[in-house]
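Peer 1: What follows is each chain in one-letter form.
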Amino acid sequence: MDSISYYLQTALNGILAGCVYALFAMGLTLIYGVLNFVNFAHGELIMWGAYFLFLFMGEPFGLPLYAALPPALAVTGCLGVAMDFSVFRPLRRANRLTLLIAAMGLSVFLRNAAQFFWGAEVRTYGLEVTAGLRFFGLSLTMPQIAIIAVTILCVTAVYLLFFRSRLGKSMRALSDNLDLARISGIDTRRAILAAWVISAVLAGIGGILLALDTNLSPEMGVINLIKAFAATLIGGVGNLWGALLGGLLIGLAENLGVLFVSPGYKDAIAFVIMVIILLARPYVIIGERSD
Amino acid sequence: MKKFAVLVAAIAAVAFAAAPSARAADTVKIGAAFALSGSIAVYGEGFKKCVDLAVEEINAKGGIKGKKIEIVYEDNKSNPKDCVTAVRKLITVDKVPVIFGPAGSSNFMATAPVAQDSRVVLISAQGAAVGLTRAGDYIFRVFPSDTLQGPHLARLAISKGYKKVPVMYVNNDWGLGLKNAFVDAYKKMGGTVTDLIAYDEKKTDYRTELLRASKGNPPAIVNLTYINEGAVQFKQAFEMGIKTQWLCGSAARAPKMVELAGKAAEGVIGTYPAVPQNTKAYQAFKEAYKKKYGDDKIPIFGDYNYDMVYLTARAIEKGGYTADGIRKALPQVARGYKGVTGDKTFDDERSPKFAEYGIWVVKDGKIQDYKK
Amino acid sequence: MDLLLHLAIVIAIYAVFALSLNVEIGYTGLFNFGHVAFFAIGAYTSALLTLAGFPFSISLLAGLMLAGLCGFLLSIPALKLQGDYFGIATLGFGEILRMVVNNEVWLTKGPMGLPGIPRPELFGLHFDTLPAYLALSGGMALATFAVLAFIVLSPFGRALKAVRDDETAAEILGKNAFRFKIKSFVIGSVFAGLAGVLWAHYATFIGPGDFTLTETILVLLIVVMGGKGTFLGPVVGAVVLIFFQESVRFLRLPPEWTRLLGPLQQMVFGLLLVVFMVFRPEGIVREKGGRRGA
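Residue numbers (my numbering), protein chains in the order written: chain A, 1 to 291; chain B, 1 to 372; chain C, 1 to 294.
Just so you know, the hints here were simulated from the structure itself, not pulled from any lab data. Only a predicted model underlies this, so the values are computations on that prediction, with no experimental measurement involved. Do not rely on the hints blindly, as some may be mistaken.
[To be verified] For each label pair, taking beta carbons as the anchor points, the in silico distance ranges come out as:
(1) Lys-243(B) x Ala-157(A): 36 to 42 Å
(2) Asp-176(A) x Asp-165(C): 27 to 33 Å
(3) Ser-86(A) x Ile-172(C): 39 to 45 Å
[Said to hold, decoys possible] Negatives, chain A to chain C, calculated, CB over 12 Å:
(4) Gly-58
(5) Phe-61
(6) Leu-65
(7) Ala-113
(8) Arg-123
(9) Gly-132
(10) Thr-188
(11) Phe-229
[As the list claims (entries may be wrong)] Cut-off 20 Å, straight-line C-alpha distance, at most; resulting in silico cross-link-like pairs (EDC-like, lysine to aspartate or glutamate):
(12) Lys-202(B) x Glu-121(A)
(13) Lys-89(B) x Asp-128(C)
(14) Lys-266(A) x Asp-195(B)
(15) Lys-266(A) x Asp-296(B)
(16) Lys-81(B) x Glu-121(A)
(17) Lys-81(B) x Glu-246(C)
Using N, Cα and C, we set each Cβ at its ideal position, and we do this for glycine too.
Same shape as in the complex, but just chain A (with noise of 0.2 Å):
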């Protein structure tokens, strides 16, 4: 590889990186936005996902990848309405601090879960190993092509669902106010149940496209949530075109940033850039919730 092939895939790589870690962010802060709390667990819905997909295409169903992907899917959003269900609904009304120790011992409970079922060895989806395309001396394998495109498709799906339905509106505007959402008459019942849905669904199919480029393992949560909280907090709780955003910059960072420190320092990266961006912001948060 060149050297200018070699900065250009490196600036590819980063927005490859950068549209996963955006599905995250959006999935993260469309619950913190609603519900007004860091989904400490937010990463195993990504994990799981992927893992779901691997259940599905594996004994006894043995699905090839498309009639596998709605199966998955669907399981993931009923794990996070679940997750919802029987740890945050009981902590409606907790304090913040509360409701992340308990998400993440729902964390520490589902990573560890995963790897009861499936080992703690990196497994792969057993697809066939193609040569990516090349074109301009830089390489885009078929995974990453689709990353491209799901991207854009969710993104799109989002916006149209966020600020062109009334299920968005209601959303927003617990967004704003739970109790003043709750007094106008909006179902917030139903409201949040959507947010969780959808923000398990960004996650899930973040998550198995991750897998499809790189790798599964139990493990592969934590370290994305970290990530994907970092976007959060570029672009405002509850912003999720911030999100969006925050997910290129973080995935650009990263990626951009091993041209100068070692690769062993690569997820250190984006922590690095969480714990600056919160001790710089010590006051106001945007987006902060009224209540």
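Start from chain A and add chains B and C according to the hints.
Peer 2: Only chains B and C this time, still in chain A's reference frame:
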């Protein structure tokens, strides 16, 4: 609080009772701290098969002075901390005088001081890292040190005309040791190392490292890697369109690696401690393995584990069932002993003195010996 | 017998660790999710110095001081944050530290870890048998308990609780909340470092894998479940949880089961955390006159 204390005491009593000691009458207990779960379980499971085969054979011939061998397996969960716990447990709870150590040089080296301090013999059948046995005189290995492999790998690179290579390696004792051995020898032979890229094990994504290694389109890349990591790397390199000659060490030379990497592994070359497989002893071993397990694909390092069991049995026979006895007897029984993996004479550092190195290649989806 | 000694030693070490975190979480309301970083700093400092030939007394002191210093440096920017953001920022710090330890091989031997850490020699006594080490760690635990109890029962401690419960009111009464928080954070960090030193010299091997999020969750669970804001709480939590975690290692189980044991334990820990947050956030040992909720 009181109820609670009673509960604690009850559980403690149960646990205490549940842990037996090795003083039991008629078996010779040997400890084995293998990776039976976790990311390198693929190694541990293979070792167990070969160890069990050897034990079965020895027991069928009467065991050691009439007593049957029993292996106490402890799962080390593929990480150094649990390796230390496993070894500690074998020493304090099972009270064995000799332990077959874990795969993975860093895992082994974490446990070596524990064994040495407790004066228990610890043997490795696959640790190649330079300095593996330096923790003390209770630490042995039956697998050759990489100080011997480095020059062979360097010679391979030079002989194929690769005068400039980047070197990727696993960031641990094994990778570092082999990297240093290789780099030293390679430079002496006139080669230039263009880049050194250390990477973590167990990652799902190595494209950053691969991209950096392939910068400038080098005709060859030295990659000192393991089975799972190697498979991921070769696959991702293939997908990225990186075309280069991969040069590896011995740790990736496994059918599992080829299975995971598919056609991306085609053409990969490496060095390995060559064990002539056409000897009668090796063929007999292969036959016995096939008879017991149904296929003749000997797991990686399995043959060394097999030899380790036999050597240990002989040492116990000669020196008695104590750690000190075994420690003194091992070099004596090993001198000139020809196991399935060759002459097992120890050198001053309790590593094999003799080792030959061959070259392996992945051709037509199989691991074969490389013919120039 | 060895099993019981091992359990007692690990419980003592984690009691110190949990008590230190309790000063921050329970008494000052600072949810430090990166506490394991100071545990690691104490462990690595003492290990590296002892391996380099320094006497244990120096290594111990250095470990404590460096942990405290890092606590001080982190607290200044971090304490500007509230509640859960503070938690996440400290968590980020903890993970960043772990990655540094993992990558800077020249200093910490990275993922290979530091094997062969010697058992301590202090005042001419060599603590290399299990009972001896229990005496050492048990003694340290009692000392920690005494020191911290003294601190929290003092006016300083009451002020911490005041700051925790209502910062504005405390400020009105003339207490500089910020200064109190920093002091609390440093005290917590120093004792976390102590726990780290005790751990390193007991296990004789440490690596970056010992200081992950899993450790954070464990010590958090100990404090939260045991009962934060009390000084018996963390000890109770340590006894229960460490017992559960360590004793299972020593059961005789076939290998097909041991590979499931690790994840199963962690699942139980996660579940416990959730259950306690939902049903009993104050923990087992309740604070006198304390409030409900984390």
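Peer 1: Going back to the hint list, which numbers does this structure go against?
Peer 2: 7, 11, 15
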